[in-house]
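**Student:** What follows is each chain in one-letter form.
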Amino acid sequence: MEITAEVLVDLHHRMVRIRRFEEAAGALFENSEMPGFIHLYVGEEAVAAGVCATLRNDDQVGSTHRGHGHLVAKGGDLSRMMAELMGKATGYNHGKGGSMHICDLDLNMLGANGIVGGGIPIAVGAAFANKYRKSDTVAVVFFGDGATNIGAFHEAINMASALQLPAVFVCENNEYGEFTPRRDTMGVDDVVDRAAGYGIPGVVVDGMDVVAVFEAAAQAVARARGGQGPSFIEAKTYRFYNHHGVQTLGVKYRSDEEVARWRERDPIVLLEERLLALDVMTAEDIEAVHRQVQADVDAAVAFGKESPYPEPSALLEDVYTVGGVR
Amino acid sequence: MEITAEVLVDLHHRMVRIRRFEEAAGALFENSEMPGFIHLYVGEEAVAAGVCATLRNDDQVGSTHRGHGHLVAKGGDLSRMMAELMGKATGYNHGKGGSMHICDLDLNMLGANGIVGGGIPIAVGAAFANKYRKSDTVAVVFFGDGATNIGAFHEAINMASALQLPAVFVCENNEYGEFTPRRDTMGVDDVVDRAAGYGIPGVVVDGMDVVAVFEAAAQAVARARGGQGPSFIEAKTYRFYNHHGVQTLGVKYRSDEEVARWRERDPIVLLEERLLALDVMTAEDIEAVHRQVQADVDAAVAFGKESPYPEPSALLEDVYTVGGVR
Amino acid sequence: MTATEASVRELTYGAAFTETLRQIMAEDHDVFVAGEDVGAAGGVFGSFTGLQREFGEMRVVDTPISEQAIVGLGTGAAVSGLRPVVDLMFMDFVLVAMDQIVNQAAKLKYMFGGNTSLPMTITTNAGAGLSAAAQHSQSLEALLCHIPGLKVVMPSNAHDVKGLLTASIRDDNPVVFVKHKRLLGQKSYCPEDLFEVPLGSASITRPGNDVTLVTYGRMVSESLKAASVLASEGIDVEVIDLRTLQPLDTETIVASVQRTNHCVVAHEAVRFGGLGAEIAAHIQEQAFDYLDAPVGRVGAPFSPVPFTPALESEYVPDAAGIADDVRAAVLRLG
Amino acid sequence: MTATEASVRELTYGAAFTETLRQIMAEDHDVFVAGEDVGAAGGVFGSFTGLQREFGEMRVVDTPISEQAIVGLGTGAAVSGLRPVVDLMFMDFVLVAMDQIVNQAAKLKYMFGGNTSLPMTITTNAGAGLSAAAQHSQSLEALLCHIPGLKVVMPSNAHDVKGLLTASIRDDNPVVFVKHKRLLGQKSYCPEDLFEVPLGSASITRPGNDVTLVTYGRMVSESLKAASVLASEGIDVEVIDLRTLQPLDTETIVASVQRTNHCVVAHEAVRFGGLGAEIAAHIQEQAFDYLDAPVGRVGAPFSPVPFTPALESEYVPDAAGIADDVRAAVLRLG
Ligand SMILES: Cc1ncc(C[n+]2csc(CCOP(=O)(O)OP(=O)(O)O)c2C)c(N)n1
Ligand SMILES: Cc1ncc(C[n+]2csc(CCOP(=O)(O)OP(=O)(O)O)c2C)c(N)n1
Ligand SMILES: [Mg+2]
Ligand SMILES: [Mg+2]
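Chains as they are written, first to last, in this note's numbering: chain A, 1 to 326; chain B, 1001 to 1326; chain C, 2001 to 2334; chain D, 3001 to 3334.
One thing to keep in mind: the hints can contain errors.
Said to hold, decoys possible - With a Cα cut of at most 25 angstroms, we get these calculated DSS-like pairs of lysine-lysine:
{"hint": "1", "chain 1": "D", "residue 1": "3225", "chain 2": "A", "residue 2": "252"}
{"hint": "2", "chain 1": "B", "residue 1": "1252", "chain 2": "C", "residue 2": "2181"}
{"hint": "3", "chain 1": "D", "residue 1": "3181", "chain 2": "D", "residue 2": "3225"}
{"hint": "4", "chain 1": "C", "residue 1": "2181", "chain 2": "C", "residue 2": "2225"}
Read the hints as simulated data drawn from the structure, not as lab findings.
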């Protein structure tokens, strides 16, 4: 895939949608207007946007506990997302899943997942289905640096390699698992060093540079689509907010200086500088995108707030598929 | 550690003990005189012998379903072993464990294990205890090539690396997991390619050459003992018999030619040729070792046969440590 | 030989499994098998013999030793519309994949607000009696029956293997299909054509009037043996083979107990916290006034499975022990 | 204010946990803690706050996200004579490490013929009510109680946290110590010095004559609330807090039921196949002739835990539901 002006504009739009959605969700959360746990994607937008822009609708996406960005980037409906985060009946999961399980199976986004690494084997299963059907559909799975320490990751990526499945493994390396620095939990400098142990190609990209992510993803996806098997992308990125919610309460585990350094490389600002420099968009165009997206997000929040909660009778529905004998 | 004549003689003795023990166990099994499943170590003797000869009594050994060889090499008592395999009260585990759980905690052999990869995290826990106590004891863990595909392996070796524990990981690569060729289950040429993903050193050795194994193990153990962390050894080896039991019944999954080729490199024969060439032992000396070991094994078989089964009252003993409040 | 006897087609429990799978795979291309050694080797218990030769490597997939990824493979493929059969060899290995089964497969549909179905069958082999020791002998069905979203099946004979496996694979939910290792070689009646035994329906294997004996899996034959012995003592036992454990056919059980006024539940699993506890608790709730004696429970004692045959034979419940408990229930002095 | 009230020392349930651990670690150098974020961060629920600063990185170990290896670390260290406390954060994650807990830790001693002890405590946090959805809200104790070799503890208040945690860490067996997330901030009486609440002994939290209400964990406070309401209706409820679930203090339960002739068991876990089933089954076995009504069971319905507060509040059992079941038991028409 070529980086045309159109692609750049599209990447920008995806990132802004994630950012604005997450800022709104974070504000509601900090204001106790949103139940449960939320893990925000702010700072990491270039990864989801860069990867998902290379995908077709029928390509599957496996996600994590930090999954809003993946769904937005795949084209998720902001209103149904916001309603879900609020536990409303109109949400994607009718309020039963919330942030950690949000999904859109029509978009082939196979759900956020509350178990670290838990979504990886499932995405590999989707990749298997693609190969089984002899389709050229590709399954992409996102996971954190911390997730590469868990058994499910290892088994699943090895399975994809052994069976030569059309899968792309995207590690969002934000250098922390919750409050623990990555370097305390693994003996390698780069997570990508693990790819060789599965006999699959791996690359490191600047996860704050959406174009770099897009290019690496385009290659990996093309490879998978062409039947040449799985590959691994490590995107070096950073979350601007806390592991969970916005503010860091309690023990400070990252220095102000470190956070500031990364914030200077805000992936949206970096892309906007490029868009301006390349004359692809004017400051007004950019401003208009933000305004339009913000209006969409505001509408989503309003939709969520106005939506009803599910009826108590929903409690025991959808535990099983009933009458499921064909 | 230096390869003195004494060491060579010791290595030979360990290997012959394993071989003779396993041949006897296999014969009893094929003759339906031994209950349950047994996974024989014949063909792989150089690995257990070469590694265990570098260990002290207080060094721990973690094992697998194919564990007899590890216990014999660590100095296990053949009579208590044979009795255990027969389910007798005089066995190491008083008949409660059998082949797949045989252990000698006085020798710090932490038990065979029926779950592929299941023993690896436990051995890493022993390595942790060594470091915790500031002792220079080392934990060595054996596992198959197939076991490197399971999550527990990945988590445990990464944990050992992250915590810089005194552990040595020894992969017995016999190119099969049960009846499935290794190459169908992983995308790497050598299992050792996985070590880099954990940031630990790894070497490949000829697992039929006990001296090569010994030298690699001596280095890895010294490294761990010196506080320099874990390392990985891949020993290329082969099992002469079936995955389970002696004869291959049903589908033939290895060619006669392949088996014959490996049998030509019988690790005991190779060492004996060397012993003769170096004038360390004469043919008579070698013969005497075999004779003596065979007598020990015969005595072990007799001991096992004569020993009583446990009393029914033993059934509910040792489920818990009772009165265990200190 | 009567006409009926002449036409009785017998198959082993294990062969019924293989035949059923072959027939279903022939009629439904969405069905595939994945697991360790299921391909060329045909599975460690021969359950998949010949299938790879017939259907190819894509439909009968040898996997790495990776139970979590095996179940995940099934889950992801099922969400994508296929109908996977994934094998875990020994029921003890279910524990290795427990997160994928319980946190993922069982819950996905509900967490997703209903927006998927998950037509996956997990096959495995349970049970003691082969001196396979504590990690290769467990009956862990109680763990799975407690989990909303799963179905659990444990057939006792070749006929039910066929009917239940067919229903399991065609079901749109995750089903754990548990064979008993010691039944694999047992021959019994099995029709040739595919048919379904509906999930959730128990069968009354032996009608009787004095006491209801609720059981499943390998304990069905032990229960029938016990019933014969008891018949000679004048105790008329009704034996119910549950066949499906989740959903549980409580109606059949309760109706029987209301008639017999006595009940014993027998399974091979550990007694404490086993499925027998749920059944006994349920019966006393639903048929309290009908019970002339407490619901008895037969199960393994509270220990891991011992290796040595000397202890394992004490460990596994048998006809004699079941008969004792039935006698105690029936002959209880009010 | 009376003299007794003045001397009552109060602590939150969570703080009692931390204080106990600190005191035990100070007196026994063999005790260490390992888990995700337990070090500098002090644990996601603050349960380990300050311990790493006090005892150093070797005794309070931040691990990778590797639940299997965390439990294995504990098991191997315990077999080597240390007394590990390993943390699994959420009880749902027990499932990720299920092989290491059930196939390894629980069985090693037995499989080894007794030749080891395994003094490991696994700590975790269970329970719904925080909109944490289906993978962060489960109460899975029934799965563990069914496994010979494990002990299982679920305290309901700060005092018992201290006494049970002390007993658990000093016990030579693998103990799963389960806190309830919603109790962490609850204040109640807690002595300063270390003491033990023996594992396996229930406490009668509220004596009563009309009906025995058996419960544990967060359902203890709901049960006490129900008892107050029922008292005003003239129903005198005896509330038993089990404290330890395995081994189960059946003596205390049965003795109470023999006196009250009525019983209800209440827990937050899913009702079907929950520990309540074992307790009800056991009571009807041991106190059949004393029961004037079936043993009632309160538990969560058969579904995964829903995210939205609108449904979760319906899902989690509460005082009103417990009171209903107690009334049904006591007022039942023979
Ligand atoms: C199996 C499991 N263990 C632990 C947790 C708790 N937990 C949630 S997110 C997280 C950190 C994940 O780190 P990483 O994979 O790097 O993703 P990030 O949050 O940095 O995006 C942890 C430990 C969990 N949800 N699942
Ligand atoms: C978790 C688990 N999965 C599957 C098995 C069945 N099994 C026993 S041995 C074995 C093959 C192991 O292969 P490898 O690790 O290479 O050891 P080898 O037998 O070749 O020595 C398998 C699959 C098991 N015991 N445990
Ligand atoms: Mg991270
Ligand atoms: Mg092998």
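**Student:** Run every hint past the structure and note whether it holds.
**Tutor:** Here is how each hint holds up against the structure:
1. Between residue 3225 of chain D and residue 252 of chain A the CA atoms are separated by roughly 40 angstroms; this puts the pair beyond 25 angstroms, and the hint is violated.
2. Restraint check for residue 1252 of chain B and residue 2181 of chain C: the C-alpha separation of about 23 angstroms stays at or below 25 angstroms, so the hint holds.
3. At roughly 19 angstroms between alpha-carbon atoms, residue 3181 of chain D and residue 3225 of chain D fall within 25 angstroms of each other, so this suggested pair holds.
4. At most 25 angstroms may separate the alpha-carbon atoms for a hinted pair to count; residue 2181 of chain C and residue 2225 of chain C meet this at roughly 19 angstroms.
Hint compliance for this structure: hint 1 alone is broken.
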